[in-house]
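Since each chain sits alone in its own frame, please combine them into the complex, following the hints.
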Amino acid sequence: MPKLTIALSGLNNIDSPGPGIPVIRGIRDSKILNARIIGLAYENLEPGAYMHDLVDKSYKVPYPSDGVEPLLERLKYIHEKEQIDVLIPNFDSELFTFMKSEKTLREIGITTFLPTVNQFEERHKSNLPEYGKKYGVNVPYSEPISSVQDFLQHKEKFEFPVVVKGKFYDAYMAYDLDQLGMYFNKIASKWGLPIVIQQFVKGTEVNVVALGDGNGNTIGAVPMRKTYITDKGKAWGGITLEDPSMLDLTNNIISQTHWRGGMELELIRTAKNELYLIEINPRLPAWVYLAVAAGQNLPEALVRLALGEEVRPFHGYATGKMFIRYSYDMIADLDEFEKLSTKGEL
Amino acid sequence: MPNTMPKIRKNIAISESGFVFDPLSGESYSLNPLGLEIIHLIKNGQTYEELSEVLLAKYEVDQETLDRYFYDFIATLKQFNLLEVETDA
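Chains as they are written, first to last, in our numbering: chain A, 1 to 346; chain B, 347 to 435.
Looking at chain B on its own, in the form it has when it is part of the complex (with noise of 0.2 Å):
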């Protein structure tokens, strides 16, 4: 369980079908619907006690596989670089 959320960068567009641009690097990507809700879940400022709640409850997955497939989810952001980078302030 993450101790804190990530957070999404501020300047990345999401468009309600699922569509991501990164202005920076000019790339764009799709998101699948799950992936969009996540991420709104993410942008609400949700926890990831209240995130996986909601998700739970919706969809028929158990804790440790939401845990994994949400860790494998992050890793794809942050390797697209589509999270604020943590700094050790």
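The shape of chain A in the complex, shown without the other chains (with noise of 0.2 Å):
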């Protein structure tokens, strides 16, 4: 296969990771891929940026919120010198805007392989119950609120604990009134409104990594649970589980909605083995490099099918593939910060 120029952000390999870094290395390990990795950063100190042996060059990009037309001027000018093939957006918050922009983009010769603008927008956090009721999934009772004033409103459906969760990205269980009050104003200020209040549904959280190929068919689909969860909820150590009931929801929710891109289903089990939905984040998850090793690429699927080849799905994948998270404290010098935070390439 020639030599193809991927684009790739989420290079926030911190300790509440983008999924950048990982899907470069399931691109890096693909046997049929021979790939130029690009990185976008949007901070001067995305660790991604600084790490040559996985990232070939790195251009700061402009943030989706200061508008669709510098950040396409941006990649405009990128693509003029790398002449990207894939590009490949990691964060839910950028998703939009390059959904959006897909068609721009193949015009110039940039290809994606997202949801589709109603794919996405259907599975928001806010429309869950609807969602549910659709597909015929277990989700929790939930409700988007505008203000704590919004939630009196709808008090008596709830009890606490509840889960507050912001628009992209963020949740605390609150206990009481006065706590969603809190979380409420603390998530508002970073993410914006709406923010989502969620039953809270007791069990254990369960997640599937998966890939959709447009028309309904699972390319691939790792179920996995965290065994060690940070204080942001993040996994930090977790396990390949052999779950047919989890596939099953996996399959039944790609095939109804025909799903295009990678996806994470965010599950609880509860103790009478019941799998409730409590989330669809619409990428692949920072922890896709445990499917890739329990022997799911999906990385490099996801690449294949944006270049419009046929792949065929993967059959079977390895149970008590763990994967354990460590951070390190990698060593750059100063001219490079000084090239990425003064150039905006690096």
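Take every hint as true, because none was put in to throw you off.
Sample of chain A residues facing chain B (criterion: CB under 7 Å; computed from the structure):
no., residue
1, Arg225
2, Ile239
3, Leu241
4, Glu242
5, Asp243
6, Thr319
7, Gly320
Straight-line Cα separation of at most 27 Å, DSS-like style, residue types lysine-lysine; simulated pairs:
no., chain 1, residue 1, chain 2, residue 2
8, A, Lys155, A, Lys202
9, A, Lys272, A, Lys133
10, A, Lys133, A, Lys157
11, A, Lys190, A, Lys232
12, B, Lys424, B, Lys389
13, B, Lys356, A, Lys272
14, A, Lys202, A, Lys321
15, B, Lys356, B, Lys389
16, A, Lys167, A, Lys202
17, A, Lys31, A, Lys57
18, B, Lys356, A, Lys226
19, A, Lys321, B, Lys353
20, B, Lys353, A, Lys272
21, A, Lys3, A, Lys57
22, A, Lys57, A, Lys100
23, A, Lys186, A, Lys232
24, A, Lys226, A, Lys272
25, B, Lys389, A, Lys321
26, B, Lys356, A, Lys321
27, A, Lys76, A, Lys339
28, B, Lys424, A, Lys321
29, A, Lys100, A, Lys134
30, A, Lys167, A, Lys232
31, A, Lys321, A, Lys226
32, B, Lys424, A, Lys272
33, B, Lys424, A, Lys226
34, A, Lys57, A, Lys76
35, A, Lys202, B, Lys424
36, A, Lys343, A, Lys81
37, A, Lys202, A, Lys157
No lab work stands behind these hints: they were computed from the structure.
Note that the structure is predicted; figures quoted are calculated from it, not measured.
Backbone N, C-alpha and C fix where the C-beta goes; we use that ideal spot for every residue, glycine too.
Spelled out as structure tokens, the structure:
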């Protein structure tokens, strides 16, 4: 295969990591793909920009919240220099912008493999009850609220504790109205409105990473249980599971929605062995390298789907494969930081 | 004395060192040597009479104490969902 140029975001390999580096590791492991990796960094200290064994060249890009045009202009500039073949955005908060720009990007020769706007919108946390009803999936009761006053109108429908969730990120458990108000303000100031109040479902959190081909087929899916969770609720360790019911649920969702692209299902398995869907993340998660190690190189498959290749579904994966995340003090020279912060390139 | 011997779930992985992995829940456990021996006897399809015969001959224990410890052990396995679920067929 000729050498591809793949651009990715999500290089923030920090304690709450973006999926960029794990996705790159999957691509680097591929025996099919031969890729030059272009990192797209929003911040000067995103570690991935300094990982030269994984990322060939990095560019600073403006935040999507600065508007579509500046981001597209910057991408066009990078494309002129690098001739990007495939672009993989890895942040929830930038996906909408890239989905809306899919046609523009295609016209200049950059392909993506993203969910449709409809798929993206209907799985929003605030739409989860309708989603559950439409696709026959157990979901906890939830209400989007724009103020604490809003919650008071729905108060009878909830029992404390409840989960207070941001539009894109963050979730906190609130045991009373005071805590709810505190977390409401904390999340709203960071991610905006609405805030979603979700009924707390007691059980074990389990997750599935999956890839849909856009025609209703599941190309791959690997279930996992977090074995170590940080105070930010992020997995610091996990293990692959053999759970047919989780795979059935994933296939059910992908076949009905014709999901296109990577996804992560966040589920709770109750003591009665029922699965509740608490969230769908519309991209590959930061733990996707576990799936690669277990035998399903989903980043590789995603790139091939973006290139329009026919990709056969994976069959099976290794159960009991574990990941243990670790931190590592990478040493960088000031001139590298200078290049990224002043010239926007490294 | 149990009427029927409990069965260990088929997909439970048990290593020679007594490490137990449940691929459904992702949980793992460690058995002590005696626990491992009992699991092997159960997996080999021994009846409770045969199992107690082996253990009474090998260890300094009376039947009543063995019964008590055996039930306690089985209850623990059940609590951790390591046993096949009995169905009223």
